[in-house]
Every structure is written in structure tokens, then in C-alpha cells.
Amino acid sequence: MSTQASELDTAVDELTEVLDDHVDVDESDIRDELTNLVKEYQVPLDEARRSVINSYTEDTDVDPSDISRGGEDADVLVNDIEKDEEWVNVEVKVDDLWDPRSDSISQVGLVGDDSGRTKFTAFETSDLALLEEGQSYRLENVVSEEYEGDINIKLNSQTEIIELDEDVEIGDNTVTIAGILASIASDSGLIKRCPEEECTYVLSEGRCDVHGPQDEHEFDLRIKGIVDNGVEAHDIIINQEVTEELTGMSLSEAQEIAKDKLEITAVREQFKDDLVGQYLTLQATPYKGNNMINEFEFGVETDDVDSLLVRARSI
Amino acid sequence: MSESQYTYHPGRRVFAAEFNDGTHTYSESDEDRSPNFQLLPTGVRANRVLVMGTITEVEDVASDPDTEFLRARLVGPTGTFLVYAGQYQPEAASVLRDLETPSYMAVSGKIRTYEPESEDGEDDDDTTIVSIRPDDFLVEVDADRRDMWIRETAAQTLDRIEGSDSENPLVAKAIDQYGTQPAEYTSCVIDALESLEVE
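So the sequences go chain by chain: V and W. The opening residue of the first sequence carries number 3 in my numbering; numbering runs sequentially from there. The opening residue of the second sequence carries number 18 in my numbering; numbering runs sequentially from there.
Take these hints with a grain of salt, some might be off.
As the list claims (entries may be wrong) - Straight-line Cα separation of at most 25 Å, SDA-like style, residue types lysine to any residue; simulated pairs:
hint, chain 1, residue 1, chain 2, residue 2
1, V, K261, W, D152
2, V, K226, W, D152
3, W, K127, V, K263
4, V, K194, W, E134
5, W, K127, V, A180
6, W, K190, V, S185
Simulated from the structure, these hints should not be mistaken for lab results. This structure is a prediction, so every number in the text was calculated from the model and none was measured.
Whenever a hint applies, use it, and build me the whole structure from the sequences.
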């Protein structure tokens with residue numbers, strides 16, 4: 003598909019305008035760069051645009067994803083967003099706010115609509131009004147971000163926050179998993195994450211897959227495991243908050259145990275001793291083949307002996 | 018459906034009476050390390066089982082005195098599971114080594130079958146011993162958890178019996194292989210449930 007000259011003109015105008023808000027720009031430079039990419043190298047306009055934005059923001063503090071695409075964004079449901087870096091409008095209710103792990107993040111949590119929940123992040127530099135838990139909003143010009151196979155949304159300086167009078171109902175995409183915790187993976191318990199901002203990779207022997215060897219780390223607590231109900235096996239991930247509740251061990255207590263035993267793996271061993279072989283009933287949000295656990299209860303529901311006997315005798 | 022060797026197969030809930038009758042094991046592909054399955058008499062395949070009961074005795078049955086091969090008898094209301102742990106199940110072996118019997122235990126692991134040689138060294142009788150290798154876990158439980166397992170296993174065994182359609186190739190194979198109908202295992206379910214009633 004070739005790009006028409008008029009489309010190119012519009013793109014140049016728009017791009018000059020939006021870039022002008024952030025960095026020093028020169029319209030003729032933008033025109034040359036875009037024309038070169040589109041005409042000479044047959045790069046699609048969207049890609050060309052992105053490449054120009056990246057080149058202008060490269061040596062600045064401006065996050066390229068803060069620079070919105072011209073034209074209208076589509077109204078979508080949060081779980082219908084499929085691609086990375088898609089510009090959209092959503093109408094959502096704030097379901098949960100978490101403590102930001104980094105000073106650059108002003109707010110992080112879950113928002114949801116009829117299609118379910120998704121994580122959102124807002125950054126200090128965007129200087130946005132803070133969202134309130136339980137309030138519904140129309141969020142215009144948010145951008146999607148793919149992280150570990152999941153789509154999140156990021157608010158940015160182009161985002162418009164409009165409070166809604168009506169309440170957005172959050173659809174339930176949680177599932178119940180009941181069975182026996184059959185194993186706890188080796189990268190469970192007390193783990194070390196990469197200290198780089200916005201990076202949450204787990205360090206392996208002090209190394210981050212993205213950022214290389216690290217002198218520092220941030221401790222976290224989690225359980226990756228398998229719940230076996232006799233018919234199916236489910237992969238589960240339990241985050242710090244739920245792990246603390248489930249095990250009765252706080253992150254700082256876990257750090258103490260690791261220090262006393264001189265082994266970070268001591269925490270996982272403790273979890274294994276306490277939990278493997280236990281019946282659990284879990285509320286989970288499915289997440290690309292995994293299940294993120296929100297709530298737990300010990301035990302599973304079973305039919306009582308009498309009704310099972312009635313059933314057996316009727317065969 | 019492709020299944021890699023890394024697929025975690027669920028630990029079937031099965032009573033000893035059915036498990037010990039399930040002497041036929043097979044692999045679904047010729048590929049190296051493709052998983053092995055036990056054909057349960059109710060017509061369902063099992064790559065692993067997850068069972069609970071009372072361990073009444075543990076014995077080192079290794080023929081070589083320098084090695085250790087522990088055999089535990091895990092007793093339930095319908096019969097006894099044999100659980101073998103050696104060097105490849107170090108965690109389970111260390112639990113069994115120091116275990117005070119009797120003790121309620123839960124075990125999850127892979128299934129093994131073997132045909133013992135008879136006294137005169139001839140392999141003439143058809144006895145096949147089915148046993149469990151505690152590859153996943155072997156942990157102590159309390160009576161409540163063991164009872165929960167019996168109710169769960171009763172329900173899942175009934176599910177298998179009620180779902181056994183002779184058109185299903187595994188069900189047909191089980192009927193042909195063992196000469197029994199899935200419904201015959203209703204009686205062990207009743208035995209197990211009645212053991213809970215008495216308590």
C-alpha cells in the first residue's frame with residue numbers, strides 16, 4: 003500500500019505539532035525524514051512516524067510513548083487490545099491501586115470494564131490528576147504496552163482523564179481453581195529482581211536478562227507452582243501480597259530467614275514444607291496460560307459421604 | 018494435541034483396588050522420553066497418581082547393601098499402594114528413612130509396573146506389581162486431609178465410571194485388557210465411603 007502525498011503532508015503537520023510540545027523541531031527536517039522513509043524505503047507511514055518520534059526523543063527525557071498519534075483513537079475494551087503501542091480510549095473503573103515500585107511512577111493498579119481487568123501505569127512526568135479507587139473514568143489517548151505476553155495500559159502526558167457519572171461495571175474474568183498444590187518451582191520464595199526502573203526481571207546469579215550484571219537488587223516474594231485437581235494441572239503465580247497472607251511470612255521475615263540460614267532458597271524450602279500437598283481453593287485471573295492468584299482458601303469443597311454413597315449405589 | 022515431555026500431567030485420584038488392577042502401561046509415541054501412561058480399569062489414562070493413606074511400614078529392599086531402595090506400604094480402605102523411593106527420589110527417601118509408622122501420608126508420583134520372578138526362577142505366573150515412585154512429593158497429612166482425599170477420589174472414580182462409554186477407545190481397551198467393566202469399581206468406592214461412615 004503506497005502512501006499518498008496528501009497523507010504525508012497531514013502526517014508532517016501533525017507530527018510537527020505534537021513533537022513541538024516536547025522537543026525542538028524543524029518542519030522541513032521532519033518532512034525530509036518522513037519522505038525519505040516512506041518514499042525511498044517504502045516504510046509504512048505508522049512505522050515511519052514512530053521512527054521519527056524515536057529519533058527526536060532519543061537524547062531527551064521525553065518518553066516517545068508520551069507522544070500521541072494524530073487523529074482519533076479507537077474506543078476499546080481493555081481486554082480487546084491486542085497489540086503493543088496501540089493508542090486507544092477506554093472507559094474503566096479503578097479496581098485497585100498498588101504501591102508504585104519506582105519514584106517515576108505516580109500510580110499503578112488495576113482498571114476494568116466489561117471485558118475484565120488490566121494493569122495501568124501513570125508516570126510522574128506526565129503530571130496527571132490522580133485516579134481514585136472505585137471511580138469510573140473515560141481515559142482518552144492511553145497507549146498499550148505488552149509485558150511478558152500481557153497487555154497493560156500506560157497513561158501519558160497526552161492522556162485526558164474524564165470522570166464519568168455512571169458506574170462502569172467490571173466483568174468477571176476470574177476463575178476458581180481447586181486442588182492440591184503439587185509443586186513449587188525453584189524460582190519461588192524470596193527472589194531478587196532487577197533494580198532498573200520499570201524492569202521486573204528476576205535476577206539469575208545477579209544477572210538481568212535485559213540489563214546485565216547488577217550490584218543491587220530488589221527483594222520480592224512469590225510462589226510459582228502447580229495445582230493438581232486430579233483431572234487437570236494448572237500453573238499458578240502468587241504475588242507478594244497473597245503469598246504473605248498464605249504463608250504468614252512477610253517479605254522482611256523472609257529476608258531474615260534467608261540471612262539466618264545464609265541461603266535465599268531457605269524461604270522456598272519453608273514454603274514447600276508448609277504448602278505442598280495442601281488442598282487449596284484459589285480465585286485466579288488467567289494470564290497467558292498462567293493463573294494469577296487473587297484470593298485463597300485452604301481445603302476444597304467435596305460432596306458429603308451420604309450423597310456420594312447415594313450416587314454410587316444408583317450405578 | 019502435542020504433548021511435550023514437559024507437560025505436567027495431573028495426578029489421578031484412584032483407590033488402591035483400581036490402581037493395583039491397572040497393570041497395563043503404554044506410551045503414545047515412539048519418541049524418546051515421551052510420557053508413559055497406565056491404563057486405569059475405568060478407562061482413563063494416568064501418567065501420575067496422587068494418593069493418600071496410612072504408611073504402616075518402610076523397608077529397605079535394595080539387594081546391594083551399599084545402596085538404598087525403600088519400599089513403603091501405604092494402606093487405604095480398599096487396599097495397599099506400594100511406594101518405592103531410591104536415589105532418584107532423594108526427598109521422599111529421606112522422609113521415609115526417618116518416618117515413624119503408622120503415619121497418614123500423601124504421595125504424588127509416576128507409575129511403575131514390574132513382573133516379579135516366581136520362586137523357581139520362572140516367569141510363568143501373570144502377576145504384575147504396580148507401584149508408585151514418589152517423584153513429586155511425599156508428605157505427612159492429617160486425618161481430615163486424608164478423608165477429604167477419600168471423598169474426592171470417590172467422586173472422581175464415580176465420574177470416570179459414569180463417563181465410561183464403550184465407544185471410547187481407552188474404555189474399550191480397558192474392558193478388553195482387564196476383562197472387567199468400569200462399573201465394577203463402584204464397589205471399592207462404596208467400601209471407601211463406608212470406611213468414613215464408621216468413624
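Here is how each hint holds up against the structure:
Proximity of K261 (chain V) to D152 (chain W) is assessed by CA-CA distance (about 30 Å); at most 25 Å being required, the pair is judged violated. Straight-line distance between C-alpha atoms of K226 (chain V) and D152 (chain W) comes to about 18 Å, which keeps the hinted pair within the 25 Å bound. Taking the CA atoms of K127 (chain W) and K263 (chain V), the gap is near 33 Å; set against the 25 Å cutoff, the hint is violated. The hinted pair formed by K194 (chain V) and E134 (chain W) fails the criterion: a straight-line CA distance of about 53 Å is larger than 25 Å.
Between K127 (chain W) and A180 (chain V) the CA atoms are separated by roughly 22 Å; this keeps the pair inside 25 Å, and the hint holds. Distance check on the hinted pair: K190 (chain W) and S185 (chain V) sit about 32 Å apart at the alpha-carbon level, beyond 25 Å; violated.
Checked against the numbered hints above, the structure violates hints 1, 3, 4 and 6; every other hint is satisfied.
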